[in-house]
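Make a model of the complete structure from these sequences and hints.
Protein chains in written order, with the numbering used here: chain A, 4 to 257; chain B, 53 to 304.
To be clear, the hints were calculated from the coordinates, so they are not data collected in a lab. All figures in this text were calculated on a predicted structure; none of them were measured in a lab. Ideal Cβ placement from N, Cα and C applies to all residues, glycine included. Misleading hints may appear alongside valid ones.
Stretch by stretch, here's where chain A covers chain B in the computed footprint (C-beta under 8 Å, at least three residues) [said to hold, decoys possible]: (1) 64-75; (2) 167-181; (3) 205-216; (4) 223-231.
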Amino acid sequence: MSRLSGKTVLVTGAGSGVGRGLALACAGAGASVLLGVRDPSKGNEVVDRVTERGGTAVTVACDVTVAGQVEEALGLAADRFGGIDAVIHNAVSAQSSQPVALESAPLSLWDEHARVSITASFHIAQAAFSHLAEHRGTLIFMTSPAGVDGSEQLSFYAAVKAAQRGLVKSLAREWGPLGVRVNAIAPLAATPAMDRAFAADPQLEGRVRGLIPLGHLGDSELDIGPAAVFLCEEGSRYITGQTLVVSGGRFTTG
Amino acid sequence: MNRESGATKATVVVVSGPATGLADRLASRLAEGGHPVGFVSPHGAETRAESVRAAGGKAIGVAAPPGDRAALDAALSRCAELGPTSTVVLAFHPASAAQSRELMSLSADEWDHLCEAPIRACLVGLQSAHQLLSGSGGSVVVVVPTVALVGADGHVTATTAGEAQRILAKSAARRWGISGITVNVAAVPLDTLDDGAGGPPGAAQLSLGPPALPPGDPAIGIASLVDALAGGLDGMVTGATVCLDSGAVMAP
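Given below as structure tokens:
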């Protein structure tokens, strides 16, 4: 029996990057996976890949900044698969990898980051609660090591990721007595944005790898995905309120 | 940086949101310690400044709504009339900050008011403080509740906002160190942010366990931190979180 056999997992922002890897990993572990993406066509490649491997995945339109769409996506998942066991909020602003001058950046840019990572986390948590309480499920926020350490260049991204860590700590205490666990994963992973940065600066990849004790950037499916599978499965039932840093040893701050 | 020199102490500007209890006590403490003090808050700033002046201190009070960059820039400029500013303290928290609210009880508007607005105000406060200090250097101290470090049942808004504010401060510290601006965080018991100092500990504080020391007013601790930073500590310390909670959290 696979580790997530019989479970249903919703992953937001699952069309590419880390979200794609999480979806593939959860499906590979036996879960039925719902890919929450703004444009459902963006999830087709992942659905095809899961299906080829004998798994189950479907896409659903889910702009996480719209509370109604989040509720509909969760309702669809519950109807189609008989309930929801885990929700993973992975979607981030398209601006998340753009450097920000904290001292002069416009508030409109902050609001763009905050809508997807803070406001949407609120929507998702509220919409997911009844589903997760019914199944003693788990809520996972994909945060970042920058949300622990801060970031000179990605200050807005770091702050919204820190907000999610704060949410996790209190929500875990609030929902623990109801059987719902809440955790975060802070990955360091190869992403399309990082690939573009490496293409623009060929020396950069070597410098980044040199900072990682395990010597490579995380693969979204093979290195980051297993952390999500673990937090979704029964073996992690005594873990809540935590941020699991999955960075090849790059980040060791407590 | 604007170091303390002789008997003349540099101006400290205390900027607060709707919860002004801690900011008021801090400003009074700083004035007693000889600092000219600028009060910036949405309401009552000039009244509080008057009371400091009546007690023989130097103070200016300016009203500025949280998150209004133009108003805050103007307020800080006005406070600078007191003399060179060494430190800006930012304490943006909603009124009745310690009130417990479970996530499922919050409307979207309440979430914005209790959580996202204080983060936005802190960001604007940091930007405005940077503008004030960018020529001379100095220190910024961001006040957050200790529950941001460990979480607390019924306080998702305070912990979410507090962690975002804390990491904004860390990012600013990394970015502005080269300009001679340090940014540090003072973490204080949630109950003390508004007007709870000296009263019985609330549910959030109780959930953290008893402090190792007798509970005190963190305003005293922040005033001491401000003096220590201006006295040379800011040559080495930036991006740090100092827990001023009598040893309850002992984190990070």
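Hints and how they fare:
Beta-carbon proximity to chain A at under 8 Å applies to 0 residues in the segment 64-75 of chain B; the threshold of 3 is not reached and the given coverage is violated. Counting residues of the segment 167-181 of chain B whose C-beta sits closer than 8 Å to any C-beta of chain A gives 8, which meets the bar of three, so the coverage hint holds. Figure legend: the segment 205-216 of chain B, annotated as covered by chain A; annotation consistent (11 residues with Cβ-Cβ distances under 8 Å, at least 3 required). Counting residues of the segment 223-231 of chain B whose CB falls under 8 Å from any CB of chain A gives 6; the rule of at least 3 is met.
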